[in-house]
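Can you build the whole structure from these sequences, using the hints too?
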Amino acid sequence: MRIPYRPLALALLTLSFAAIVLDRAQAGDSHFFAPVTDPVVKEECGSCHLAFAPSMLPASSWQRMMGELDNHFGDNASVDAATAEKITRYLVANAGDAGGKRYSSKLLKGVAVGSAPQRITELPRWVREHRKVPDWEWRHKDVRTKANCAACHTDAEQGYYDE
Amino acid sequence: MKNRFAVTLGIAAMAVSTAILAGPREDLLAQYATTAKSAGFSAARGETLHTQNFSGGKPDTPSCTSCHGKDARSAGKTLTGKVIKPLAVSMTPTRYTDPAKVEKWFKRNCTEVLGRECTPQEKGDWLTFALGQ
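Chains A and B are the protein sequences, given in the same order. The first sequence maps to residues 1 to 163 in our numbering. The second sequence maps to residues 1 to 133 in our numbering.
Derived by calculation from the structure, the hints in this document are not laboratory data. From the three backbone atoms N, C-alpha and C, an ideal C-beta is built for every residue, glycine too. Treat the hints loosely; a few may be bogus.
[Claimed, not checked] For each label pair, taking beta carbons as the anchor points, the in silico distance ranges come out as:
id, chain 1, residue 1, chain 2, residue 2, range
1, A, Gly67, B, Pro59, 25 to 35 Å
2, A, Gly100, B, Pro93, 39 to 49 Å
3, A, Val113, B, Thr48, 47 to 57 Å
4, A, Phe73, B, Thr48, 45 to 55 Å
5, B, Pro93, A, His140, 28 to 38 Å
6, A, Tyr160, B, Trp105, 29 to 39 Å
7, B, Ile84, A, Val133, 20 to 30 Å
8, A, Tyr160, B, Thr35, 29 to 39 Å
9, A, Gly67, B, Pro93, 29 to 39 Å
10, B, Ile84, A, Glu85, 20 to 30 Å
Next up, the structure:
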């Protein structure tokens, strides 16, 4: 029997290409970090800045941050004890090291276990991903701070962080 | 008998409507007035407080308008780019109806801008200004 090598190879190539494309399409071809859905967390963490996705930091980070709200990056962002507990529970349950989060594992690569980094923008992977952003762009009047994700990632509120 | 009932009902309805009219904003103002032993609040003083520059707070935010913008009827923006709904009740009708929320933001924002908490007199003046916008 003659095996039709060439058509077979072509079909295989087409299939594998389609598989790659489909995989990327399923992932939305963009880095996804589920946005905050809890109304209290959204209100308390999202009034002054984007309510950062809990999956962007490990649980230990959120625990430390919630314990130091009286000096929250220079501001006093204290909330009452009951609210703080509720927020902490949500952040920890949805933290980046809570498991099963594809983009979190990538973002948290190189973060030492047990360390509690406070700034998402100082994670080694974050720094690497943003290394090509020039200084003047950070200083632009519509950006001003690295915490202003939505200035460039227009769908950040929805959890999508495209190039 | 029937008439008297109607009158009673009318009085009751008036009492209820007065209670509704004296909503959380009025209660807040009354509370500030009592604590401040104030002779009254002034929207003009509130506006001055709103627009003037202070040096006791954070250098990034010398004035309320640093984030809220010069026009109380327009949206403001935090330093991290988050949009703040207009302060004016005419633009954001839900504002100042939750006393705990009002107190929370007075505390945070006064500390940030003035470097201290605002006095009840200042809060009353400012609220009077914002309610009239």
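For each hint, the structure was consulted:
no., hint, verdict
1, Gly67(A) with Pro59(B): 25 to 35 Å, "27 Å, holds"
2, Gly100(A) with Pro93(B): 39 to 49 Å, "43 Å, holds"
3, Val113(A) with Thr48(B): 47 to 57 Å, "54 Å, holds"
4, Phe73(A) with Thr48(B): 45 to 55 Å, "30 Å, violated"
5, Pro93(B) with His140(A): 28 to 38 Å, "34 Å, holds"
6, Tyr160(A) with Trp105(B): 29 to 39 Å, "30 Å, holds"
7, Ile84(B) with Val133(A): 20 to 30 Å, "26 Å, holds"
8, Tyr160(A) with Thr35(B): 29 to 39 Å, "48 Å, violated"
9, Gly67(A) with Pro93(B): 29 to 39 Å, "37 Å, holds"
10, Ile84(B) with Glu85(A): 20 to 30 Å, "27 Å, holds"
When each numbered hint is compared with the structure, violations occur for hints 4, 8.
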